[in-house]
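> Here the sequence shown is numbered in my numbering, starting from 1 and rising by one per residue.
Hint data in this document are derived by calculation from the structure and do not stem from the laboratory. Backbone N, C-alpha and C fix where the C-beta goes; we use that ideal spot for every residue, glycine too. Heads up, some of the hints might be wrong.
To be verified - Computed Cβ-Cβ distance ranges for the label pairs, DEER-style:
1. Glu177 with Glu16: 49 to 55 Å
2. Ile202 with Arg127: 37 to 43 Å
3. Lys206 with Glu177: 35 to 41 Å
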Amino acid sequence: MLKIIEIVLKAKADEEIQKAEKSLASIMNDVLMQYVDDKYREYLSMQMIKPYTQYIIKDIEAEDIYYWRIATLSQEATENIAYRLMDKLTKENCEFITADKIIFQIEKKSYIHSATYKQLVTKYFTRRLKSSYIEFNFLTPTLLFGEEDKMICQPHDIIMNLVAIWNLFAIDEKLYEQDLIENLAQEIQLDDYEVILRPQLINGKKRPTFQGKCRFSLKNNIMANKIILMLAEFSQYTSIGVNTHLGMGAIQIKLN
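Let's have the full structure, built from the sequences with the hints guiding it.
See below:
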(Lines of atoms letter the chains of each structure in order from A and count residues from 1; the text may use other names and numbers.)
(Lines give C-alpha, C1' and ligand atoms only; values in the text may rest on other atoms or scores of the structure.)
Protein backbone atom coordinates (compact mmCIF):
# COMPACT_ATOMS: atom_id res chain seq x y z
CA MET A 1 0.00 0.00 0.00
CA LEU A 2 1.37 3.37 -1.11
CA LYS A 3 -0.13 6.64 0.04
CA ILE A 4 0.83 10.32 0.08
CA ILE A 5 -0.76 12.77 2.49
CA GLU A 6 -0.49 16.50 1.86
CA ILE A 7 -1.08 18.88 4.76
CA VAL A 8 -1.21 22.58 3.93
CA LEU A 9 0.22 24.61 6.80
CA LYS A 10 0.23 28.31 7.58
CA ALA A 11 3.14 29.53 9.69
CA LYS A 12 2.13 31.98 12.40
CA ALA A 13 5.66 33.35 12.86
CA ASP A 14 8.06 32.65 10.02
CA GLU A 15 10.99 34.12 11.95
CA GLU A 16 10.86 31.19 14.39
CA ILE A 17 11.59 28.85 11.48
CA GLN A 18 14.65 30.90 10.54
CA LYS A 19 15.94 30.80 14.13
CA ALA A 20 15.55 27.04 14.58
CA GLU A 21 18.79 25.09 14.99
CA LYS A 22 17.44 22.03 13.14
CA SER A 23 16.17 21.95 9.58
CA LEU A 24 12.42 22.37 9.22
CA ALA A 25 12.16 18.88 7.68
CA SER A 26 13.84 17.35 10.76
CA ILE A 27 11.51 19.32 13.01
CA MET A 28 8.49 18.01 11.09
CA ASN A 29 9.76 14.44 11.39
CA ASP A 30 9.77 14.94 15.17
CA VAL A 31 6.19 16.21 14.92
CA LEU A 32 5.18 13.19 12.86
CA MET A 33 6.67 10.76 15.37
CA GLN A 34 4.50 12.29 18.10
CA TYR A 35 1.49 10.78 16.33
CA VAL A 36 3.01 7.28 16.16
CA ASP A 37 2.64 4.88 19.07
CA ASP A 38 5.71 4.00 21.14
CA LYS A 39 6.10 0.42 19.90
CA TYR A 40 6.03 1.32 16.22
CA ARG A 41 8.26 4.35 16.79
CA GLU A 42 10.84 2.07 18.40
CA TYR A 43 10.59 -0.28 15.40
CA LEU A 44 11.19 2.64 13.01
CA SER A 45 14.26 3.77 14.93
CA MET A 46 15.92 0.42 14.18
CA GLN A 47 15.26 0.51 10.42
CA MET A 48 18.04 1.85 8.20
CA ILE A 49 15.56 2.33 5.33
CA LYS A 50 12.31 3.73 6.71
CA PRO A 51 8.93 2.60 5.35
CA TYR A 52 7.90 6.23 5.04
CA THR A 53 9.22 9.51 3.69
CA GLN A 54 8.32 13.08 4.49
CA TYR A 55 9.33 16.53 3.35
CA ILE A 56 8.11 20.11 3.60
CA ILE A 57 8.37 22.84 0.97
CA LYS A 58 7.40 26.49 0.96
CA ASP A 59 4.79 27.94 -1.36
CA ILE A 60 6.45 30.01 -4.08
CA GLU A 61 3.90 32.83 -3.91
CA ALA A 62 2.47 32.77 -0.37
CA GLU A 63 5.44 33.12 1.96
CA ASP A 64 3.65 31.82 5.05
CA ILE A 65 2.22 28.67 3.39
CA TYR A 66 4.01 25.31 3.50
CA TYR A 67 3.18 21.92 1.99
CA TRP A 68 4.00 18.97 4.24
CA ARG A 69 3.87 15.63 2.40
CA ILE A 70 4.12 12.24 4.08
CA ALA A 71 4.32 9.03 2.04
CA THR A 72 4.00 5.47 3.32
CA LEU A 73 5.50 2.50 1.48
CA SER A 74 3.87 -0.51 3.14
CA GLN A 75 0.52 -1.57 4.56
CA GLU A 76 1.94 -1.55 8.08
CA ALA A 77 3.34 1.96 7.69
CA THR A 78 0.09 3.20 6.18
CA GLU A 79 -1.88 1.89 9.15
CA ASN A 80 0.57 3.10 11.81
CA ILE A 81 1.52 6.45 10.30
CA ALA A 82 -0.86 7.71 7.60
CA TYR A 83 -4.16 6.55 9.08
CA ARG A 84 -3.20 7.52 12.63
CA LEU A 85 -2.05 10.97 11.55
CA MET A 86 -5.21 11.69 9.58
CA ASP A 87 -7.39 10.39 12.43
CA LYS A 88 -5.67 12.56 15.02
CA LEU A 89 -5.71 15.71 12.90
CA THR A 90 -9.48 15.68 13.01
CA LYS A 91 -10.11 19.42 12.93
CA GLU A 92 -9.38 21.69 10.01
CA ASN A 93 -7.74 24.99 10.97
CA CYS A 94 -6.36 23.54 14.19
CA GLU A 95 -2.92 24.57 15.41
CA PHE A 96 0.11 22.73 16.68
CA ILE A 97 3.36 23.99 18.18
CA THR A 98 6.65 22.21 17.49
CA ALA A 99 9.35 21.68 20.10
CA ASP A 100 11.16 24.62 18.49
CA LYS A 101 8.15 26.89 19.21
CA ILE A 102 7.08 27.07 15.57
CA ILE A 103 3.31 27.55 15.35
CA PHE A 104 1.50 26.06 12.35
CA GLN A 105 -2.16 26.31 11.51
CA ILE A 106 -3.56 23.43 9.47
CA GLU A 107 -5.35 24.84 6.43
CA LYS A 108 -6.12 21.57 4.62
CA LYS A 109 -5.25 17.88 4.72
CA SER A 110 -5.88 15.19 2.09
CA TYR A 111 -4.63 12.02 0.44
CA ILE A 112 -3.21 13.20 -2.89
CA HIS A 113 -1.92 9.85 -4.23
CA SER A 114 -2.76 6.24 -3.49
CA ALA A 115 -1.80 2.95 -5.15
CA THR A 116 -0.67 -0.59 -4.53
CA TYR A 117 2.44 -2.20 -5.97
CA LYS A 118 0.20 -4.46 -8.04
CA GLN A 119 -1.68 -1.47 -9.45
CA LEU A 120 1.58 0.14 -10.57
CA VAL A 121 2.68 -3.08 -12.28
CA THR A 122 -0.70 -3.42 -14.00
CA LYS A 123 -0.69 0.22 -15.11
CA TYR A 124 2.67 0.00 -16.85
CA PHE A 125 2.67 -3.58 -18.11
CA THR A 126 -0.83 -3.79 -19.59
CA ARG A 127 -0.96 -0.48 -21.43
CA ARG A 128 0.79 0.96 -24.43
CA LEU A 129 3.17 3.66 -23.22
CA LYS A 130 4.10 6.67 -25.32
CA SER A 131 6.49 8.52 -23.01
CA SER A 132 10.07 8.75 -24.24
CA TYR A 133 11.38 11.29 -21.73
CA ILE A 134 11.34 11.59 -17.93
CA GLU A 135 12.02 14.79 -16.07
CA PHE A 136 12.93 14.30 -12.41
CA ASN A 137 12.44 17.42 -10.33
CA PHE A 138 14.45 16.96 -7.14
CA LEU A 139 12.54 19.28 -4.82
CA THR A 140 14.87 18.96 -1.83
CA PRO A 141 18.62 18.29 -1.46
CA THR A 142 19.46 14.79 -2.70
CA LEU A 143 22.34 12.37 -2.19
CA LEU A 144 21.94 8.91 -3.67
CA PHE A 145 23.25 5.74 -2.10
CA GLY A 146 26.37 4.71 -4.01
CA GLU A 147 27.13 8.13 -5.44
CA GLU A 148 30.46 8.43 -3.63
CA ASP A 149 30.45 12.22 -3.96
CA LYS A 150 29.68 12.29 -7.69
CA MET A 151 28.22 15.69 -8.49
CA ILE A 152 25.32 14.67 -10.77
CA CYS A 153 23.30 11.49 -10.49
CA GLN A 154 23.57 8.99 -13.30
CA PRO A 155 20.85 6.59 -14.53
CA HIS A 156 22.55 3.62 -12.86
CA ASP A 157 22.43 5.38 -9.47
CA ILE A 158 18.75 6.29 -9.74
CA ILE A 159 17.71 2.81 -10.89
CA MET A 160 19.83 1.08 -8.25
CA ASN A 161 18.25 3.17 -5.48
CA LEU A 162 14.68 2.69 -6.69
CA VAL A 163 14.95 -1.05 -7.37
CA ALA A 164 16.43 -1.61 -3.90
CA ILE A 165 13.56 0.19 -2.18
CA TRP A 166 10.93 -1.43 -4.42
CA ASN A 167 12.23 -4.91 -3.57
CA LEU A 168 12.39 -4.04 0.12
CA PHE A 169 8.69 -3.16 0.43
CA ALA A 170 6.89 -4.88 -2.47
CA ILE A 171 5.56 -8.28 -1.39
CA ASP A 172 4.60 -10.20 -4.54
CA GLU A 173 5.99 -7.92 -7.25
CA LYS A 174 9.77 -8.18 -6.71
CA LEU A 175 12.19 -7.17 -9.47
CA TYR A 176 14.75 -9.96 -9.34
CA GLU A 177 15.90 -10.42 -12.95
CA GLN A 178 19.63 -11.10 -13.22
CA ASP A 179 21.64 -7.96 -14.12
CA LEU A 180 18.41 -5.95 -14.08
CA ILE A 181 19.96 -2.69 -12.89
CA GLU A 182 22.78 -2.76 -15.45
CA ASN A 183 20.38 -3.68 -18.25
CA LEU A 184 17.93 -0.90 -17.39
CA ALA A 185 20.72 1.67 -17.02
CA GLN A 186 21.74 1.01 -20.64
CA GLU A 187 18.26 1.99 -21.81
CA ILE A 188 18.13 5.48 -20.29
CA GLN A 189 20.50 8.42 -20.61
CA LEU A 190 20.90 11.82 -18.98
CA ASP A 191 20.17 14.49 -21.61
CA ASP A 192 20.06 17.71 -19.66
CA TYR A 193 20.09 19.04 -16.14
CA GLU A 194 19.68 22.27 -14.22
CA VAL A 195 20.71 21.75 -10.64
CA ILE A 196 22.11 23.63 -7.68
CA LEU A 197 24.79 22.04 -5.52
CA ARG A 198 24.04 22.30 -1.82
CA PRO A 199 26.60 21.07 0.72
CA GLN A 200 24.77 19.28 3.54
CA LEU A 201 26.01 17.97 6.86
CA ILE A 202 25.16 14.25 6.80
CA ASN A 203 26.29 12.02 9.64
CA GLY A 204 28.85 14.58 10.68
CA LYS A 205 30.36 15.00 7.21
CA LYS A 206 29.66 17.63 4.58
CA ARG A 207 28.41 16.01 1.38
CA PRO A 208 27.67 17.63 -2.02
CA THR A 209 23.92 17.18 -2.44
CA PHE A 210 22.05 18.49 -5.48
CA GLN A 211 18.62 20.00 -6.09
CA GLY A 212 16.89 20.78 -9.37
CA LYS A 213 15.79 19.14 -12.61
CA CYS A 214 17.31 16.27 -14.60
CA ARG A 215 15.91 15.17 -17.95
CA PHE A 216 16.40 11.60 -19.18
CA SER A 217 15.56 10.04 -22.53
CA LEU A 218 14.46 6.43 -22.99
CA LYS A 219 15.68 4.20 -25.79
CA ASN A 220 13.55 1.73 -27.74
CA ASN A 221 13.48 -1.26 -25.40
CA ILE A 222 9.76 -1.53 -24.66
CA MET A 223 10.03 -3.85 -21.65
CA ALA A 224 12.83 -1.82 -20.08
CA ASN A 225 10.86 1.38 -20.60
CA LYS A 226 7.85 -0.08 -18.80
CA ILE A 227 9.95 -0.86 -15.73
CA ILE A 228 11.76 2.49 -15.79
CA LEU A 229 8.51 4.46 -16.06
CA MET A 230 6.96 2.41 -13.28
CA LEU A 231 9.94 3.13 -11.03
CA ALA A 232 9.75 6.82 -11.91
CA GLU A 233 6.17 7.03 -10.65
CA PHE A 234 7.19 4.99 -7.59
CA SER A 235 9.90 7.57 -6.83
CA GLN A 236 7.25 10.15 -5.98
CA TYR A 237 6.21 7.99 -3.06
CA THR A 238 9.58 6.81 -1.89
CA SER A 239 11.75 9.88 -2.60
CA ILE A 240 15.33 8.77 -3.28
CA GLY A 241 18.70 8.51 -1.59
CA VAL A 242 19.71 9.12 2.02
CA ASN A 243 17.63 10.62 4.84
CA THR A 244 14.33 10.65 2.97
CA HIS A 245 12.53 10.54 6.33
CA LEU A 246 14.28 13.83 7.15
CA GLY A 247 13.09 15.62 4.04
CA MET A 248 15.85 14.80 1.54
CA GLY A 249 15.44 13.39 -1.97
CA ALA A 250 11.84 14.48 -2.63
CA ILE A 251 10.83 14.03 -6.26
CA GLN A 252 8.15 15.08 -8.71
CA ILE A 253 8.21 13.67 -12.23
CA LYS A 254 7.02 14.79 -15.63
CA LEU A 255 6.61 12.39 -18.54
CA ASN A 256 6.54 13.33 -22.21
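> Identify every previously stated hint that the structure contradicts and give their numbers, smallest first.
none
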